[in-house]
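**Q** Dock chain B against chain A, hints included.
Each protein sequence line maps, in turn, to chains A and B.
The numbering of the first sequence is this note's numbering, which starts it at 383 and goes up by one.
The numbering of the second sequence is this note's numbering, which starts it at 53 and goes up by one.
Think of the hints as simulated: they come from the structure by calculation, not from any bench.
Incorrect hints may appear among the rest.
Unchecked claim - Short derived list, chain B residues pointing at chain A, Cβ under 7 Å:
(1) Leu-71
(2) Thr-228
(3) Trp-230
(4) Arg-270
(5) Lys-495
Quantities reported herein were computed from a predicted structural model and do not represent experimental measurements.
Glycine is no exception: its CB is placed at the ideal position from the N, C-alpha and C atoms.
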Amino acid sequence: MTGVIVVSFAREEDIVTATREARKRGLHIVDVYTPYAVHGLDEAMGLGPSRLSWACFFFGLLGVTLAFVFQFWTTAVDWPLNVGGKPWNSLPAFVPVAFELMVLLGGLGLVFTFFLRCKLFPGKQPVDEFEGVTSNSFVLVVQNTDADTALSAFQDCNAVYVEKRNEQGAA
Amino acid sequence: MQKPDFVLDPPLVAGNKTLLDVTDDVCAPLEGRPTVLWWTAFIAALSLLALGVAAVSYQLAMGIGTWGLNKSVGWAFDITNFVFWIGIGHAGTLISAILFLFRQKWRTAVNRSAEAMTIFAVMCAGLFPVIHMGRPWLFFWMVPYPNTRGPLWINFSSALTWDFFAISTYFLISLTFWYVGLLPDLATIRDRHRFGWRRQLMGFFCLGWNGSYRTWHRYELVYLLLAGLATPLVVSVHSIVSTDFATAVLPGWHTTIFPPYFVAGAIFSGMAMVLTLMLIARKVMHLEDYITVRHVDAMAKLVLTTSCMVGLAYTIEFFTAFRSADFYEVRAFVNRLVGPLGWGFGIMVLCNVLLPQLFWFRRVRVNLVLVWILSLFVNVGMWFERFIIIVTSLERDFLPSSWANYAPTTIEIATLLGSFGLFFTCFLLFCRFLPTIAIAEIKGVLAIGRPHGGTAA
Numbered sequence: 383m384t385g386v387i388v389v390s391f392a393r394e395e396d397i398v399t400a401t402r403e404a405r406k407r408g409l410h411i412v413d414v415y416t417p418y419a420v421h422g423l424d425e426a427m428g429l430g431p432s433r434l435s436w437a438c439f440f441f442g443l444l445g446v447t448l449a450f451v452f453q454f455w456t457t458a459v460d461w462p463l464n465v466g467g468k469p470w471n472s473l474p475a476f477v478p479v480a481f482e483l484m485v486l487l488g489g490l491g492l493v494f495t496f497f498l499r500c501k502l503f504p505g506k507q508p509v510d511e512f513e514g515v516t517s518n519s520f521v522l523v524v525q526n527t528d529a530d531t532a533l534s535a536f537q538d539c540n541a542v543y544v545e546k547r548n549e550q551g552a553a
Numbered sequence: 053m054q055k056p057d058f059v060l061d062p063p064l065v066a067g068n069k070t071l072l073d074v075t076d077d078v079c080a081p082l083e084g085r086p087t088v089l090w091w092t093a094f095i096a097a098l099s100l101l102a103l104g105v106a107a108v109s110y111q112l113a114m115g116i117g118t119w120g121l122n123k124s125v126g127w128a129f130d131i132t133n134f135v136f137w138i139g140i141g142h143a144g145t146l147i148s149a150i151l152f153l154f155r156q157k158w159r160t161a162v163n164r165s166a167e168a169m170t171i172f173a174v175m176c177a178g179l180f181p182v183i184h185m186g187r188p189w190l191f192f193w194m195v196p197y198p199n200t201r202g203p204l205w206i207n208f209s210s211a212l213t214w215d216f217f218a219i220s221t222y223f224l225i226s227l228t229f230w231y232v233g234l235l236p237d238l239a240t241i242r243d244r245h246r247f248g249w250r251r252q253l254m255g256f257f258c259l260g261w262n263g264s265y266r267t268w269h270r271y272e273l274v275y276l277l278l279a280g281l282a283t284p285l286v287v288s289v290h291s292i293v294s295t296d297f298a299t300a301v302l303p304g305w306h307t308t309i310f311p312p313y314f315v316a317g318a319i320f321s322g323m324a325m326v327l328t329l330m331l332i333a334r335k336v337m338h339l340e341d342y343i344t345v346r347h348v349d350a351m352a353k354l355v356l357t358t359s360c361m362v363g364l365a366y367t368i369e370f371f372t373a374f375r376s377a378d379f380y381e382v383r384a385f386v387n388r389l390v391g392p393l394g395w396g397f398g399i400m401v402l403c404n405v406l407l408p409q410l411f412w413f414r415r416v417r418v419n420l421v422l423v424w425i426l427s428l429f430v431n432v433g434m435w436f437e438r439f440i441i442i443v444t445s446l447e448r449d450f451l452p453s454s455w456a457n458y459a460p461t462t463i464e465i466a467t468l469l470g471s472f473g474l475f476f477t478c479f480l481l482f483c484r485f486l487p488t489i490a491i492a493e494i495k496g497v498l499a500i501g502r503p504h505g506g507t508a509a
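The following block holds chain A by itself, in its conformation from the complex (with noise of 0.2 Å):
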């Protein structure tokens, strides 16, 4: 990587109108960093919808499989229960542990794959950190191809900066 320019913003329309724009005039958006998740910005950016929804309803259906399976083998077959007369696989009666179990597994199984997909962990030492992001400033970041076009495509953005920068991540 050659180096990439930094443009930073103090409001929400500037960000996605000039994400907007490099996009427009073909300049690779390495990230835009923001203090929250702002609307739009996925689209300007040209990002696809995230596949973790299937994530959750693998281990969603995972955990219902499980919950039922183990609910039928051991009320079942490993240890047959007489409970008030009824069948030993009185399957409604294992629904409510099923659903809880498919939340559960759902859930965590979501939050791990985020975490994993993102690559975030605990003590993880923040990269490419940009002063103000988590706070009040709006961050893109563009590959330094050709810097007069990037230039020109943020000067109507009201930039509060623009720095170039030859390694990606020196804060």
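**A** What follows is chain B alone, placed relative to chain A:
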């Protein structure tokens, strides 16, 4: 800047805050020294907790005989407190998950503290069934693990087993939801400090959050999915709690209205507790611009709605009892009305159905002192509702020879006070160390820097 035009709704955050103002305002109470008021409240809460620890230790040493239970009233104070605390917790999930799915943007001001309330309330609730076991150190027998007793598995057809799974899942998912919501705010606190324990601690727990939008993009989906999972979960938890009673054949318990009735009651009591806590917190922590009259107004309307639902359930219970022409069922409800605990029924109807009707008037809803007092009444009323449901049915079952009146002992009362001690101790510590308002979420509803002025609610 062009002044936004608020024709339809007042802004969600008052005082034209900038992004930096929000960060500063929410972090200010965490960074200053604790006030005298905080210390007073904390010492009071800690004393109550100590009282509770003493009461529970005594009960563990001496046995369940230290409670006022008798031959027919095997569940009383303890399970009342359990259902009461679980109910309190449900408002947190309502605000964080259900209102999120309904795109109610006002929730952002209160969701963080309401979720914290959920977690602490579920901790208090979980304590009661465990100490009721008498031998709480064998609590792990509830877990289906391969054991040397056969292996003898737990009974998956029992509502009490469902309850164990429901409460455990509810606690874990609520905690996860809360933690995921906290991540960006922990990073905000980390970045406000160059050195010191806050930077170390928050830096450790914020998992290296750097505000990258690629992460935000996935985070939004995770949050939505967790809300989608938590919404049916909260309904299932209190429905399952109600089946602890509804699956019994006891008159007054054996009804199909219990699940929806309990869920409505839970949200009702929880909203009241949110109001009780929030109205104090906004004053003490100077968050008047964030938790505005508009928020209180919306929550009061929710209290009114659920109050009407609870009132309807009370009426239907009586109607169904008389319509059933079942002698025992009719007798149970006559006893509830004019029996030895008739006074408790009176308190419950007064606090839960009659007094909240005042919330029909806007002047009441915007009078914060009055709202706070009414919320206290609802808390008391909802505690009595559980007590009345549980004890009146057990005191007078099918055989007059087994009728026995119940009165709580001082140990039981001390245990209840102790659970309040635990709840408030945790809540006060939370207010000291973590942002009580979701900083990153409230920034998303500010009127500043966006074309539509952030007015849509």
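**Q** All hints, please: hold or fail.
**A** Structure-based check of all given hints:
Below 7 Å, beta-carbon pairs count as interface contacts, and Leu-71 (chain B) has one with chain A at about 4 Å; its hint therefore holds. The criterion of a C-beta within 7 Å of any C-beta in chain A is met by Thr-228 (chain B), whose closest approach is roughly 5 Å, and the hint holds. The criterion of a C-beta within 7 Å of any C-beta in chain A is not met by Trp-230 (chain B), whose closest approach is roughly 11 Å, and the hint is violated. With its C-beta approaching chain A no nearer than about 5 Å, Arg-270 (chain B) sits inside the 7 Å limit, and its interface hint holds.
Given the 7 Å rule on beta carbons, the hint for Lys-495 (chain B) holds: about 4 Å separates it from the nearest Cβ of chain A.
Going down the numbered hints, you'll see the structure goes against just number 3.
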